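Engineer: Go ahead and model the full structure; you've got the sequences and the hints to work with.
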Amino acid sequence: MQSEELILKAQEYLKTLLIEAFHHTDNENAVVVYDTRCLIATILMEGYKGALPHAQLIDFDAYQPEEVRAKLEALNPSDLVILIQSTNFRLDAFRLRVELFKLKLKVIEHPHLSRMSDEEAPYFIDSLEYDKAYYRHVGRTLQSKIDNALMGVLDSGGEQLIYASPFEPAKVNIGDYTGMTNWGGQFPLGEVFTEAQDLRAVHGRVKIYCFGDVTYKINTPEIPITLIIEEGQVVACENSTPAFDLILSNIRRDEGGVVWIRELGFGLNRAFSKTRTVADTGTYERMCGVHISLGAKHGTYGKPGFKRRDGLYHVDVFADTRTFSLGDEVVYKDGAFVV
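Per our numbering, the very first residue in the sequence shown carries number 136; after that it's consecutive.
Treat each hint with caution, since some may be false.
Unchecked claim - Straight-line C-alpha distance at most 27 Å; calculated DSSO-like pairs for lysine-lysine:
hint: 1; residue 1: K280; residue 2: K468
hint: 2; residue 1: K280; residue 2: K239
hint: 3; residue 1: K468; residue 2: K237
hint: 4; residue 1: K206; residue 2: K280
hint: 5; residue 1: K409; residue 2: K432
hint: 6; residue 1: K267; residue 2: K468
hint: 7; residue 1: K432; residue 2: K237
hint: 8; residue 1: K184; residue 2: K144
hint: 9; residue 1: K468; residue 2: K409
hint: 10; residue 1: K267; residue 2: K184
hint: 11; residue 1: K280; residue 2: K438
hint: 12; residue 1: K144; residue 2: K280
hint: 13; residue 1: K352; residue 2: K432
hint: 14; residue 1: K150; residue 2: K267
hint: 15; residue 1: K206; residue 2: K150
Just so you know, these hints were derived from the structure itself, not from any lab.
All of these numbers come straight from a predicted model, not from anything done at the bench.
Structural biologist: Structure, rendered in structure tokens:
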């Protein structure tokens, strides 16, 4: 697909997103801070230019960081800021999205775009399509079922990972900011996540078909790796690779010799699948399926014995999921949610 077609598709998807999720009108200001260091960033910039003809466009590379910061701080509450970043914009000690939320601004953040190849651009643009009915129905229904479930089972083709515990209150990223403090976040959309209330109640085996490696890109081994989990920790694995062994050894070295299983994430974005992949792990974790995190870091949920600053690793790994069940109900099967 040519860049021109992708720009037009992006423009169409973004118009819908801005109306349905952000309720943006011409009465609010909009600022697009961008760079053009990679193809996807350039396509996004052109897409937003078409979707937001009145927006102020700021080429990050054409200004000093303090100039960009001053322009953003001059905005009014409920104005919209879009950040299109081939890497991750640095404004000195100014933690960009956090500080923008403090100013009551709406924020759409697209970071680390240069981790993805030009060939992956069509998949990425497809991930921006906002199907309001799908996201809100599946997201809220799944959230409710998680919050009421007493246990869960992840079946990855004959291997079962058992969650013999209720779950923490599920959080959603579905483009519905009703009642939330902050309006926006990192895009693309599409995730419901939780973790076991009792981490030690997680046990069994799970096949993973890819994982986020030390470069924050997905790594797909020829043969799925099987993790063996006891009392919420990875105690062994089969069919491992040097790249995955490095992940495990780094976590064990820096986190007391153990590898905890924490986040249980349900990606909802149908633009990504086992075969439709993009390299950036933070983007791909929205894929329509199940991922879990390795390492003690998960700032959303406090746990006894886990100090928030002690956890150094949160490594997403992607389960080769055939089904996921909450209690007796199958909620995911054959690559789709059935709720």
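Engineer: Now tell me, hint by hint, if it's right for this structure.
Structural biologist: Okay, the hints, checked on the actual structure:
1. Distance check on the hinted pair: K280 and K468 sit about 16 Å apart at the alpha-carbon level, within 27 Å; holds.
2. With a CA separation close to 32 Å, the supplied pair K280 and K239 exceeds the 27 Å bound.
3. Distance check on the hinted pair: K468 and K237 sit about 40 Å apart at the alpha-carbon level, beyond 27 Å; violated.
4. This hinted pair does not check out: K206 and K280 have alpha carbons roughly 44 Å apart, beyond 27 Å.
5. With a C-alpha separation of about 26 Å, the suggested pairing of K409 with K432 holds against the 27 Å cut-off.
6. Pair hint K267 plus K468 holds up; C-alpha atoms about 22 Å apart against a cutoff of 27 Å.
7. Restraint check: the Cα-Cα separation between K432 and K237 comes to about 24 Å, which is no more than 27 Å; the hinted pair holds.
8. Of the supplied pair hints, the one linking K184 and K144 holds, its CA atoms being roughly 13 Å apart against a limit of 27 Å.
9. Proximity of K468 to K409 is assessed by CA-CA distance (about 14 Å); at most 27 Å being required, the pair is judged to hold.
10. Between K267 and K184 the alpha-carbon distance is near 23 Å, which keeps this suggested pair within the 27 Å criterion.
11. For a cut-off of 27 Å, the pair hint linking K280 to K438 stands: about 22 Å separates their Cα positions.
12. For the suggested pair K144 and K280, the alpha carbons sit about 34 Å apart, so the restraint of at most 27 Å is broken.
13. With a C-alpha separation of about 18 Å, the suggested pairing of K352 with K432 holds against the 27 Å cut-off.
14. Proposed proximity of K150 and K267 is supported: the alpha carbons are some 13 Å apart, at most 27 Å.
15. Taking the CA atoms of K206 and K150, the gap is about 24 Å. The hint holds against a cut of 27 Å.
In summary, the numbered hints that this structure violates are 2, 3, 4 and 12.
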